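Put the two chains together into one complex, using the hints given.
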Amino acid sequence: MTNLRKKVYMAAGYNTISMGTGRKEFNPRTARPGIEHYMKEAGQATLSQIGGAVNVDEGVVGNFMAARFNKQAHLGAFMPMIDKALQFKPSISVEGACASGGLALITGIKSILAETADTVLCIGVEVQNSVKAIYGADILAGAGWFQNRKNGHAYFFPGQFSDRAGAYYEKFGREYTRKGLARWYQNAIENARLCPTAQEYHNTIADLLAAGMTDPNPKAFTDHLNYFDCSKVSDGASAIAIFSEEGLKRSGISKKNTVEVAGVGHAVEDITKDPEDLTILSTIREASRLALKSAGSTKEQLATVELHDCFSIAGVLGMEALGFAEHGKGAEFVSAGHTARNGKIPVNTTGGLIGWGHPTGATGVHMAVTIWEQLTGRAGANQILVPADRPYGMTINMGGDDKTVVAVVFKRGE
Amino acid sequence: MDYTTRLQKVSVLGAAGKMGSGILLLTALEMADLMLKSGNNQSVFVLNAIDASDEGLRGVLKYLKTQVLKAAEKKTVLLRRLYADRADLIENSEVIDAYVEEVMSLVRTSTRLESAYDSTLVFEAVSENQTLKEKLFRQINENNPTEPYFFTNTSSVPIGELNKNAALKGRIIGFHFYNPPAVQKLVELIKIGENPTELVDFANEFAKNLRKTVVPSNDVAGFIGNGHFMRDALYGLSEVERLSKDMPLHEAIYTIDKTTRDFLMRPMGIFQLIDYVGLDVVQFILRVMQPRMQGEKLHSLLLDELVLNGVKGGQFSDGSQKDGLFRYVKGKPVAVINKDANEYLDISLFNGARDSWIGEMPASVLPWKNLVKLADKETFLSSCFGALRTMNTPGAKLSVAFAQNSRDIARKLVKDGVAFSEKDVNTVLLTGFFHAYGPINDFV
Chain A
1 MTNLRKKVYM AAGYNTISMG TGRKEFNPRT ARPGIEHYMK EAGQATLSQI GGAVNVDEGV
61 VGNFMAARFN KQAHLGAFMP MIDKALQFKP SISVEGACAS GGLALITGIK SILAETADTV
121 LCIGVEVQNS VKAIYGADIL AGAGWFQNRK NGHAYFFPGQ FSDRAGAYYE KFGREYTRKG
181 LARWYQNAIE NARLCPTAQE YHNTIADLLA AGMTDPNPKA FTDHLNYFDC SKVSDGASAI
241 AIFSEEGLKR SGISKKNTVE VAGVGHAVED ITKDPEDLTI LSTIREASRL ALKSAGSTKE
301 QLATVELHDC FSIAGVLGME ALGFAEHGKG AEFVSAGHTA RNGKIPVNTT GGLIGWGHPT
361 GATGVHMAVT IWEQLTGRAG ANQILVPADR PYGMTINMGG DDKTVVAVVF KRGE
Chain B
1 MDYTTRLQKV SVLGAAGKMG SGILLLTALE MADLMLKSGN NQSVFVLNAI DASDEGLRGV
61 LKYLKTQVLK AAEKKTVLLR RLYADRADLI ENSEVIDAYV EEVMSLVRTS TRLESAYDST
121 LVFEAVSENQ TLKEKLFRQI NENNPTEPYF FTNTSSVPIG ELNKNAALKG RIIGFHFYNP
181 PAVQKLVELI KIGENPTELV DFANEFAKNL RKTVVPSNDV AGFIGNGHFM RDALYGLSEV
241 ERLSKDMPLH EAIYTIDKTT RDFLMRPMGI FQLIDYVGLD VVQFILRVMQ PRMQGEKLHS
301 LLLDELVLNG VKGGQFSDGS QKDGLFRYVK GKPVAVINKD ANEYLDISLF NGARDSWIGE
361 MPASVLPWKN LVKLADKETF LSSCFGALRT MNTPGAKLSV AFAQNSRDIA RKLVKDGVAF
421 SEKDVNTVLL TGFFHAYGPI NDFV
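Chains as they are written, first to last, in the numbering used here: chain A, 1 to 414; chain B, 1 to 444.
Looking at chain B on its own, in the form it has when it is part of the complex (with noise of 0.2 Å):
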């Protein structure tokens, strides 16, 4: 089956959910592309959107014709060339709305499994349940005589456990987008050596016409970026369970934050990052993760009593923050959660005190958004970090420690054999979590 044909009849599980949709959207623009290509024309491309919720999937045809209407206005001079043929679209907006219409008219919304037993290709994007997703993929491949392929985009369960528990012959992948799909740049693929080559190849492909950078990974709990995240959010717990000796545990998770995010100039902090994804994503993916690493503690106590009070953050459907770890305004946050009390604290009561404590940055530093669009990244961090090391202050102790850290579980990850080079580490924190500079470097 060529790549084309492969790609004409198509199911997305789990579709309303922020991963899923945004696999619709890149999946639909793909398909309405070939469609659009010569000679493709008169095929019939069909895309199933399948979600348990109703009100999901009514949410997710807004958000998809928002993006696809996006996605068109940018393309505009190539749209007019794809309709040169067509007299009827003269106008920019008359060609825009025919793609938008196009694009809409291969997606069929379902709550209904069976919709998914004549496609030939499926994207999962359920829960993070490998119970569940092993249940969805055997009742597709018992029902579907295409043989299709299967790509999973699990961020942890191992993908050989998902094809022997399914009986799935080798049709699957770890194909892991990172969140938002639509807008990183990054994916994971995760082979298994029962894959046959067609399927590596098509995957491949795919990841190209969606212009993603792939990072292979070895098929680990966890892979390589929850690998690292994971570990580094770990760590940053412990720290502030460490801290929280000397100081109240709301000025810790607040200390841990800004050192991770204004020392080491990240985009976030790393308890604004676990609450990005989700202190119970995070909970859920330990919970993968840890019977399958002998020998090592991934659980952390204090994220455990944090979900039980309902402390989860993730993110709303229009992508803005709720609260988690901090409380959020605009995105940024105003307040931190107090545990024993279960209620937030807002910064401004002792981040004075709290920011002398932590002392002054070296005067070098940069926001994350300017030292990512600096040309020589290089020296530059060579000088703020040989700044940082000569500081006697505990923040530049906390986040010099961070970063070796950080370092440590990177190399860990290509010793154990996770990765396949330091290179590879450091493109998925570079292109999945928009880091400035890799974990294994020579200035940290």
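Okay, chain A solo, but in the shape it has when bound (with noise of 0.2 Å):
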């Protein structure tokens, strides 16, 4: 896709608590909510910001796995649930593992362009804390190859990005690269705390950078990651309506009060086929590559990104991938503070996947309501500035490991 043929905006988002592990609230010796619960909470909370649900022509969900995790299939036909006002009216469900966020928000998107929809309700719902994470592994592992799992990790995606991190280590030093890493995961921490859905809000860890540094431990868990190294379990769900003008006008909501989608970019790798280099994240580098082109703009005009770092050598890679570091860079780019709240460019707000969590389904929809919440002055005590001559703000949303990527550049209504 080029450039958008048509003006795509969204409005109204909503986040879910990212509830697991590290929420005080949390006890996984007792019964807790399901999907059903999440996607109320969140599509109830859009559809108040814009008028109700007679507003909607359409829904999309994104969800990755509630068929295993919560024997659960056929979320398209949840929307009445959320309100009656649905009834009858179409609603799909879309997959792309860690992804499917993002394609929900893609698949709305287009529905805005073909012009079948003028409000299209956006939700991506995940409940993982329904099995043990050994278990849950298994559930997750299905965004990769499903022939490579025999000689997997037992923890498939963190063996996964362990090699990655592997090789980076041996390409560029492994001290080199924890660092980058553990400063990943304090500027993680750091936006969490400030942020009141956040899983890690109420982390307490004094030392971050120190507990950043932790050395992996092999026999409990991947070579070359530790736990501080990726996101946790996590259940949650966030929405957003994407609209066209009209679908603006008819629930009466301001363009200063959207964002508008200036670009996107979708792109998908062979899945059967393994990483030509595995310090390069070649998909993310193409995605974001469509998504600013199509948007007509510059890495350098991003005020903000919203970038997918179920682990931390994801985002370290990520930079890269995004040309803000050179090849082999990232980690020092990381480490120099580039990428705090207050740095160069900020990335992840929020706290993102390790800091704000990771319901895997939700993911793509969170980060643009973050991005929306930054851009429209609503971030609260997670704001950042957003300087004039840099208004556009980026998600990037990846499903598996670099297979399938959705990147969207917005910048604020006018």
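Keep in mind that the hints were calculated from the coordinates and are not lab data.
Every value quoted in this text rests on a predicted model; they were computed, and no experiment measured them.
Note that CB positions come from ideal geometry on N, CA and C, so glycine has one too.
Keep in mind that a hint or two might mislead.
Distance windows between CB atoms, simulated [stated by the list, open to error]:
1) A:205 to B:404: 33 to 43 Å
2) B:97 to A:146: 14 to 24 Å
3) A:207 to B:342: 52 to 62 Å
4) B:66 to A:31: 17 to 27 Å
5) B:213 to A:170: 36 to 46 Å
Far from chain B by the CB rule (all over 10 Å, computed), these chain A residues [what the hints assert, rightly or not]:
6) 27
7) 132
8) 171
9) 273
10) 280
11) 337
12) 345
13) 378
This is how it looks when you write it as structure tokens:
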């Protein structure tokens, strides 16, 4: 997709709490709400900001693996449960591993572009604490090629990204890299501590950098990553409404309270192929290039980025893929504080996947909500400065090991 | 006979008990690991879980399956490697299920002692009854042609006596786990002069593979662990009797339990610990020790009276605490026994006034769970006990006296040749009783 042929807006975002270990109210031994609860909470919160479900033409649900985590498929048909005014309206569920939320955004955007809808309710949801992490790892491994599962790590995806980290250590130095990864963790938690819905909001670790530098323990976990390098297991949902100009009018929403979709980039790579170079995220590189091109903007015009840091190494490699740092300099770029909230390019201002949480199918939508909050001045304690000459924000949502990537460039509606 | 062969045919006596089931679990996991290691896949491993109670054995299988599953979930990284050649096992859940099935397939439950007649290794964890233990050992030994090793979990009966009375020719060793065996790191190892070297080597290797901390003890009734605990408990009971001249007995029990837990920063007060072990078990152990300890009184009339009234403590099969000196809600004491009426009185009825009598703790005192995490305990405890010694409150005086008595008991164990060193006594209290500091120290 090149330049968008029609104006597309997003507004009325909402995030539930990202629930899981780390939250004080989380107790793995007691019964917890299911996907219905999260979809309702997020969906209804968005509907209440747009004049109700009567204004919605269509629904899209992004979800990765409810079919296994919750033994529940067919999520599109949950829309009328959120509001009975959605009864008999079209609704679908889309899946692309951890990029399912991004695909939900893309799907909604396409409906606007195709002029089959003026308002789309877009919800991302995942409830993963239904199983222990060791079994959750099996389920999440579905984001990779199943033929590779047998030889993969017990914690399959941490294993994949541990291999990437190992390759990066070998090329550019272990200590050097670990410092960058530890700083990534520190930034994530510091931002999350400002955001009441973040999973790490209650985090009290005094020396975050030291925690991040903890030596990986291959016996219990992976060879090259520790627990702090990883996003946690999360339950949560995010919702946002996608509009045409007509849709905005119908809901009575002023453009200044919206973000406009300036450009999109959506790319996939062959899931059956191993990465050519473990130290490069080539699909993120391609999708972000497409998105910026589609927006007619450059990375220098970005005020903030929401980057898919399922693992700290993905954050470092991501900064290189986006072109903010040269190959091999990503760790240094992060170590120097350039991605911190007061740095050159604030990344993941509410904590990202490591700090805010990673309810997998919801993450892409959560990213859009965060950018909407930042560009419209709604981010509360997390608010960063959006300079006039850098009016754009970008989301990069990745599925699997750099296999499906959805990048969206936003600017404030005007 | 090599290590692996020795562990191919094993029996656990008293397998449905709280110690027996833990020993069964650890042994099953060790046997399964040996079986999975390359080369042993074709060998047959058998673990007999023998107990008099059919119902108990049904419970133990359930316990075992739950625990093996937990163990498998923790070591899935390793299991995936061990099952690398099994093309049919792909997901973690498949690997874990296969392992659980494999471990469970080793275990045969039986109510008949005959099942142990071909075992090369026999663990004994029946009740602390010397005559019963000797009868079982003798019967197995007379009918088992393999000259098995006997590992007894006795916590009090001298191994030399069991060896002699059951005619085992030195093929018995004291291998004393702490409750619960799957969690507590400590094993007290009690050798006797007649032990063949191979048996001792095997015992050490087994303990090492179970990742246990081994503390050797001399063959003196009660060994180190109960040698200390029984005397600590008797001192607590005698303090209660002394205090009860000036206050109701139940308040005295509360007072000593509180000071030993909170002021001394132990995981449990001394009476909660007695409840945990069981008053009847404590009484049984004292009865084993008393005749063998000349010139020392190892007996409590108060304890006898309580047990006679049916106040026993101990645990339910799910590990929860039965009522004893205290009644428990979610593992916490909420009421205390009123001996004369044989009923429980809510602690909340009297603890306000009693706590003011006991007096404040030093400001620096930490709850046990925080103390264990502290890096420099020595400095902290020096200042803490320093403060405690200068305080003039009943609570401070009772707790300092208790700690000093505990230290004297520990030193006497070394002096009497029960323990080989002061360090060994401290290790037992640290790893078997989860204390945050050893009884022999410079700050008490």
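Exercise. Which of the listed hints are not met by the structure?
Worked result: 7
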